Amino acid sequence: MIPVSYVLGFSALLFVIGVFGVLYRRNAIMVLLSIELMLNAANINFVAFSNTALTPAASANGQVFALISIAVAAAEIAVGLAILLVLWKASDTVEINEVATLRW
Amino acid sequence: MIDFYASGMSPIFVMVAGALIIAGVSFWVSNRILASISIGTMLVTLALLFMILGNVLPIPQTFQNVLTEDAFAVVFQLIFVTVAFLAALYSVRYIEQDRNQGEYYSLLMLSVVGMMVVAASTDLITMFVGIALTGLSSASITAFRKHDKTGAEAAMKFYIISALSAGLALYGISLIYGLTHSLQLSAVGQALNGVGPSSPDYGTAILAVVLLIAGFGFEIAIVPFHMWAPDVYEGSPTPVSGVLTSGSKKVGIAAIFKIFMIALIGLRAEWAPLFAILAILTMTVGNLAALRQDNVKRMLAYSSIGQAGYMLISLPVFAAAYSAGQPRLEYLSISYGIFQILTHSIATVGAFGIVAVMSTTILGTDYDSFRGLFKSNKVLSISMTIFLFSLLGMPLLAGFDSKLLIFSSAVGGSLVNGYSWLIWLAIFGILNSAVSLIYYVRLVRNIYSDADVPAPAYRVSRFAAVAIIVAAVAIVVIGVYPGPVINACNQAAQALMAEI
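Chains as they are written, first to last, in our numbering: chain A, 1 to 104; chain B, 105 to 604.
Chain A extracted, bound-state conformation:
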């Protein structure tokens, strides 16, 4: 079996890539994808940690959370794409820099 620490390193890398994507990407679709990476990094963590749990109930906790968060992520993407579609219709772009009518 692969040691848990390897899996954790992988998920930490995914998470960091996701955070940097959110911070530096200017296209809203790419930002959405980066957020997906962050959520999936957490899911990998849940599954990896559920392997080290001592009781079956404790191990089920993590797997259930992973499944539920996959469902939530799917819902999130559906709403996100719908909002981007509205934004595209209203202002003809999904580049975050170019939609800036609200400024102090």
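Keep in mind that the hints were calculated from the coordinates and are not lab data. Computed from a predicted structure; not experimentally measured. Ideal Cβ positions, reconstructed from N, Cα and C, are used throughout, including at glycine. A few of these clues could be false.
Claimed, not checked - Here are some of the chain B residues that sit facing chain A, going by a computed Cβ distance under 10 Å:
(1) Gly239
(2) Ala243
(3) Thr284
(4) Ser463
Starting from the known structure of chain A, arrange chain B on it as the hints suggest.
For chain B alone, kept in the frame of chain A given last:
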């Protein structure tokens, strides 16, 4: 078979049923009926919640270790449903000209359902699902006016922020699960109780704390995670801004109370100073930025950022009291935090209501359009004065009581050995209240100025007038006679402490 009436879940069931019914029938029935279904459902929910609070229905009740309907949950749910109820009342006129009103009411109620679930959750999964539900439905409702550019932009910003905060918080939760192999808040609290700087788990635990603060910090808009808030509150339909400031912000605070006071209480020496610094930063930056706003919605957004700083005072004071083993100060610190949340919610939703009445455009009103309001409409101007002075903390209004109590709890906490720095929270709080005087009074002065006013371009609908008067009367009554409300907050705080 669940005995529906006796079930503490009934408020949530009723809200979900109402939201689904509205979504289902929205193609056939008139807008007026949709509004009355929504308002009626929330009235029933409020009645059920008052019955639970008054012990007519049994309290507390637990559901499979997932939800607990205790006093803490009920008080927060009352705040959320009241806010949404008032917002729905003045939405009727605000969205009169819009299509798809069924979706508006249905999403409004679903976002409240998410908030109610978070307030009752005792489990990290439930809490996460509740926060996601709130975030998704409020983001969709922000984009309600599809052809409005600012609305779509605000929705995009709010969506990205709520998804980002969910991502950060979820990673933090996954680390906590890794340390404790448990998702039950109280079980996590026991498992993490012994973690200190010398134990091998310490680094991971601190990382989890930081990620959770960042995740929920985006949700509550505490500085430095606040940049999105003014844009979103300005760009959403005004009643929705009211629900966002007084609802979805507070839901983050309820979640922070639950996670940090129950699950991460073992790490209080680490998070207490962190929250104290964030509280001071939040109140100072929020109030200073509010000084230079011309748009009333934007000003209210910044002022509510500042007010969130006052609410955060609860956390370090609670940590001090817990370390010193003073149960009285422990529950008082939580209780006064909840009281501050309550008074701020009512005053803000009322103020947004007045903006919604005066302008049905997305951008709302600026300071100048309040000029001479007293001559043209006495009810609106007196209520707006009450709301602003309550936010400022004028004696005899609810905001004064709550600010006084929360600052005095900081002073009480500073007497604890090693926590004398808590006094700075009270000092900065009072200084910031003085700063906030400037921008609130500027608006009030405009209301009572003698300038020649053009005839008002708005009509006040009966529903909106009811909502605004109810909020204003509530502020005055709570301000003069806060006893029963503080009692309810004390019960809520003790219910939260019972879970530790």
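Against the structure, the hints come out as follows:
no.: 1; hint: Gly239; result: holds (8 Å)
no.: 2; hint: Ala243; result: holds (6 Å)
no.: 3; hint: Thr284; result: holds (9 Å)
no.: 4; hint: Ser463; result: violated (16 Å)
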